[in-house]
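First to last, the protein sequences are chains A and B.
If you read the first sequence in the working numbering, its first letter stands for residue 29, the second for the next number, and so on.
If you read the second sequence in the working numbering, its first letter stands for residue 5, the second for the next number, and so on.
For the record, the hints were derived by calculation from the structure and aren't laboratory data.
Accuracy of the hints is not assured; some may be wrong.
Think about it this way: if two alpha-carbon atoms lie no more than 25 Å apart in a straight line, the pair counts; the simulated BS3-like pairs of lysine-lysine are [to be verified]: (1) A:418 x B:77; (2) A:254 x B:74; (3) B:165 x A:418; (4) B:74 x B:165; (5) B:165 x A:254; (6) A:418 x A:254; (7) A:411 x B:77; (8) B:77 x A:254; (9) A:459 x B:6; (10) B:77 x A:457; (11) A:254 x A:411; (12) B:6 x B:74; (13) A:318 x A:254; (14) B:77 x B:165; (15) B:165 x A:457; (16) A:459 x A:254.
Here is what each chain is made of, one letter per residue.
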Amino acid sequence: MELLFANLAHGFSVAMSFDNLLFALLGALIGTAIGVLPGIGPVATISLLLPITFGQPATTAIIMLAGIYYGAQYGGSTTAILLNLPGEVSSVVTTLEGYKMARNGRAGAALTIAAVGSFFAGSVATLLVAASGPLLTQVALSFGPADYFSLMLLGLIISAVLAQGSVVKSIAMVILGVALGLVGTDVQTGQQRFTFGVPELSDGLNFAAMAMGVFGIAEIILNLEKPEVRSVLSSKVGSLFLTREEIRRATPSVLRGTLIGSALGILPGGGASLASFGSYMMERKVSKGKHEFGNGAIEGVAGPEAANNAAAQTSFIPLLTLGIPSNAVMALMVGALIIQGIQPGPRMVESQPDLFWGLICSMWIGNLMLLVINLPLIGMWVKLLQVPYKYMYPAILTFCAIGVYSINNNVFDVYSTVFFGILGYVFNKLKMEPAPLLVGFVLGPMMEEHLRRAMLLSRGDPIVFIDRPISATLLAICALALGLMLLPGMRKKKEAAMAG
Amino acid sequence: MKINAKDLASAIFLLVLAALGLWLNTEHSLGSARRMGPGYMPMLVFVLEFALGLIVLGISFFSGPDPLEKWTKLDFVTLAISIAASLVAYPLLAAVPALQNNWYALGISITLGLFILAVSPGWRVLALVLAGMNIFGVLLDAGGLFLAIAAMVVVAAFADKEHRPLGVAACVVFLIALCWWVFIYELDIRVNIWPTF
Numbered sequence: 029m030e031l032l033f034a035n036l037a038h039g040f041s042v043a044m045s046f047d048n049l050l051f052a053l054l055g056a057l058i059g060t061a062i063g064v065l066p067g068i069g070p071v072a073t074i075s076l077l078l079p080i081t082f083g084q085p086a087t088t089a090i091i092m093l094a095g096i097y098y099g100a101q102y103g104g105s106t107t108a109i110l111l112n113l114p115g116e117v118s119s120v121v122t123t124l125e126g127y128k129m130a131r132n133g134r135a136g137a138a139l140t141i142a143a144v145g146s147f148f149a150g151s152v153a154t155l156l157v158a159a160s161g162p163l164l165t166q167v168a169l170s171f172g173p174a175d176y177f178s179l180m181l182l183g184l185i186i187s188a189v190l191a192q193g194s195v196v197k198s199i200a201m202v203i204l205g206v207a208l209g210l211v212g213t214d215v216q217t218g219q220q221r222f223t224f225g226v227p228e229l230s231d232g233l234n235f236a237a238m239a240m241g242v243f244g245i246a247e248i249i250l251n252l253e254k255p256e257v258r259s260v261l262s263s264k265v266g267s268l269f270l271t272r273e274e275i276r277r278a279t280p281s282v283l284r285g286t287l288i289g290s291a292l293g294i295l296p297g298g299g300a301s302l303a304s305f306g307s308y309m310m311e312r313k314v315s316k317g318k319h320e321f322g323n324g325a326i327e328g329v330a331g332p333e334a335a336n337n338a339a340a341q342t343s344f345i346p347l348l349t350l351g352i353p354s355n356a357v358m359a360l361m362v363g364a365l366i367i368q369g370i371q372p373g374p375r376m377v378e379s380q381p382d383l384f385w386g387l388i389c390s391m392w393i394g395n396l397m398l399l400v401i402n403l404p405l406i407g408m409w410v411k412l413l414q415v416p417y418k419y420m421y422p423a424i425l426t427f428c429a430i431g432v433y434s435i436n437n438n439v440f441d442v443y444s445t446v447f448f449g450i451l452g453y454v455f456n457k458l459k460m461e462p463a464p465l466l467v468g469f470v471l472g473p474m475m476e477e478h479l480r481r482a483m484l485l486s487r488g489d490p491i492v493f494i495d496r497p498i499s500a501t502l503l504a505i506c507a508l509a510l511g512l513m514l515l516p517g518m519r520k521k522k523e524a525a526m527a528g
Numbered sequence: 005m006k007i008n009a010k011d012l013a014s015a016i017f018l019l020v021l022a023a024l025g026l027w028l029n030t031e032h033s034l035g036s037a038r039r040m041g042p043g044y045m046p047m048l049v050f051v052l053e054f055a056l057g058l059i060v061l062g063i064s065f066f067s068g069p070d071p072l073e074k075w076t077k078l079d080f081v082t083l084a085i086s087i088a089a090s091l092v093a094y095p096l097l098a099a100v101p102a103l104q105n106n107w108y109a110l111g112i113s114i115t116l117g118l119f120i121l122a123v124s125p126g127w128r129v130l131a132l133v134l135a136g137m138n139i140f141g142v143l144l145d146a147g148g149l150f151l152a153i154a155a156m157v158v159v160a161a162f163a164d165k166e167h168r169p170l171g172v173a174a175c176v177v178f179l180i181a182l183c184w185w186v187f188i189y190e191l192d193i194r195v196n197i198w199p200t201f
């Protein structure tokens, strides 16, 4: 316990440095902005800003990128409540009760409970990351190559199972990601694989180009193809203060939301949107105000908003302790770390204490900043919505183009982005979920390494994966997760949860 | 009929890709399970991908109906012509000595194909947004950053019917100023700013 406090103190000293504070604020602001704006999400934004972070120290870079992710959870709720317009997938359920509250003249109260609930959940989740990090790391250090392989397989399968749409197609996308990860020089023999003689491909496909193309560029095209929906602020914000009755009703929901969000965030493949759906379902069943659901029940705002923020924090746990990204945003974080020359994994807590503890403390500081900047600035954020998309997309495109070029100072990366843009567009038209692709791409090369090592140690005997208890357990969970999805009942439940 | 056209197309995509991957992988030595060669993991991956493609194919016959968006005759024609034009233009351009050992041939031939694609209204948004980005790539080294941004924004602006010339001009000026500040002044990336023809 004392060690924890010493570590946190160290973390605060890192997070409170001028640069880190500035970039946490910058990340939180950018995150809020893109959270407010529909049509651009955290995945696209983080991939867009990846190249900009290369010049910074790793800690500062990750602090900013993390700020974007949790900032987006705050921002998404603002437009969901005021305009019935979810800025992010994770705030879709907030529209259900939040917008009704706004229609009842309680918009201010809904915004306050969303912000305060998020802050509370964020603080608890941050502590959870701090406490569980070193513990899980201890466990992970006893992992052999076979265990690692199984763990990564589990990460891949769960991220596919929990993705939207067909499970088989999502698994196919994960494997496709692994396949794309094969391009480049084979680490052990130095042989070029699938490079077609292109020297630029010998280091593998450019991760940033892929993320920007599949998410950034493809999203622009898809948004432009749909007619733009303009929305105007119809209801007044009103008083930001909660009544005593509202506080009494919302408190248990925030607590439950924090709990469920923290749990679902840790799960590989989980994340903010799953958490807010989970919490909404729970509140509708167990909260005291369940008869008011559909007419602006404050529980339906408090729970999901707490949950999505808690999950945004705890989804860092598998990344920071095991080096396993649990969703597309975390896959981008892995990409950012690798480009900085840091191999994510259980040794990161020990070898990069500044990064680990600094990030944790900056998450808490960032949450505090968001609470302070969000409520008074709501008017400004809503104004941001008046910017038409026709002025936004050239800016996104320009940042993509220059950003991707600046990684290697090579126009080849610009053309790769175009290629992945086409691919992302095709994926969307065929309802193939691109998020698992990114997770597969990041994990693929690591999996190959561990597979080779495990098989070398076992002299080519695949029994090693069932022989080791850790690996066997993980594989059993994989099988269970896949098996559950084959049951029609579970599949329906998942569809219902995804559809809100 | 309950054919799911989206799943069917996905299955074909996966099967073709897996087959292509397996074929390309024949040049890599497999090694043994104990000492895996460079071709072992790709073999596993593409076999798995092929199997998944078959499953998706099987599912596609029952999970529908989910038709693809309708393509007009013009969509088909422009797509075919644009692919053909790019494929013809690339070797021709690559034969020009000045365009060897760089990516101009690739960039120009794809841009050409995308402009042809933009003739059809169904492809216009896709083609113009991507063409803008391509032109950025073509112009950046010789034309400099500012010209590349301007050209990209102008071409991409045609993708949205609501754009007016004045708005686009303002957009160009604003983005050039912003990018100069972020990428040149703050981040100091190595790139030409002005044309060096």
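Now the hints, each set against the structure:
Annotation: proposed proximity of residue 418 of chain A to residue 77 of chain B is violated, straight-line Cα distance about 29 Å (limit 25 Å). For the hint pairing residue 254 of chain A with residue 74 of chain B, the CA-to-CA distance comes to about 16 Å; that is within 25 Å, so the pair holds. The hinted pair formed by residue 165 of chain B and residue 418 of chain A meets the criterion: a straight-line CA distance of about 9 Å does not exceed 25 Å. Distance hint between residue 74 of chain B and residue 165 of chain B is fulfilled; the C-alpha atoms sit about 22 Å from each other, no more than 25 Å.
For the given pair, residue 165 of chain B sits about 12 Å from residue 254 of chain A by alpha-carbon distance, which is consistent with the 25 Å threshold. Between residue 418 of chain A and residue 254 of chain A the alpha-carbon distance is near 12 Å, which keeps this suggested pair within the 25 Å criterion. For the hint linking residue 411 of chain A to residue 77 of chain B, the alpha-carbon distance of about 43 Å lies beyond 25 Å, and the restraint is violated. Taken as a hint, the residue 77 of chain B and residue 254 of chain A pair is honoured in the structure, with Cα atoms around 22 Å apart against an allowance of 25 Å.
A distance of roughly 17 Å separates the Cα atoms of residue 459 of chain A and residue 6 of chain B; the hinted pair therefore holds under the 25 Å criterion. Distance hint between residue 77 of chain B and residue 457 of chain A is fulfilled; the C-alpha atoms sit about 19 Å from each other, no more than 25 Å. As the CA atoms of residue 254 of chain A and residue 411 of chain A are separated by approximately 22 Å, the hinted pair is consistent with the 25 Å bound. Restraint check for residue 6 of chain B and residue 74 of chain B: the C-alpha separation of about 17 Å stays at or below 25 Å, so the hint holds.
Using a Cα cut-off of 25 Å, the hinted pair residue 318 of chain A and residue 254 of chain A is violated, with the two alpha carbons roughly 36 Å apart. For the hint pairing residue 77 of chain B with residue 165 of chain B, the CA-to-CA distance comes to about 23 Å; that is within 25 Å, so the pair holds. Note on residue 165 of chain B and residue 457 of chain A: the hinted pairing holds, with a Cα-Cα distance of about 22 Å set against a maximum of 25 Å. In summary, the hint linking residue 459 of chain A to residue 254 of chain A is supported, as the alpha carbons are separated by about 16 Å, within the 25 Å threshold.
In summary, the structure is inconsistent with hints 1, 7, 13 from the numbered list given earlier, while agreeing with the others.
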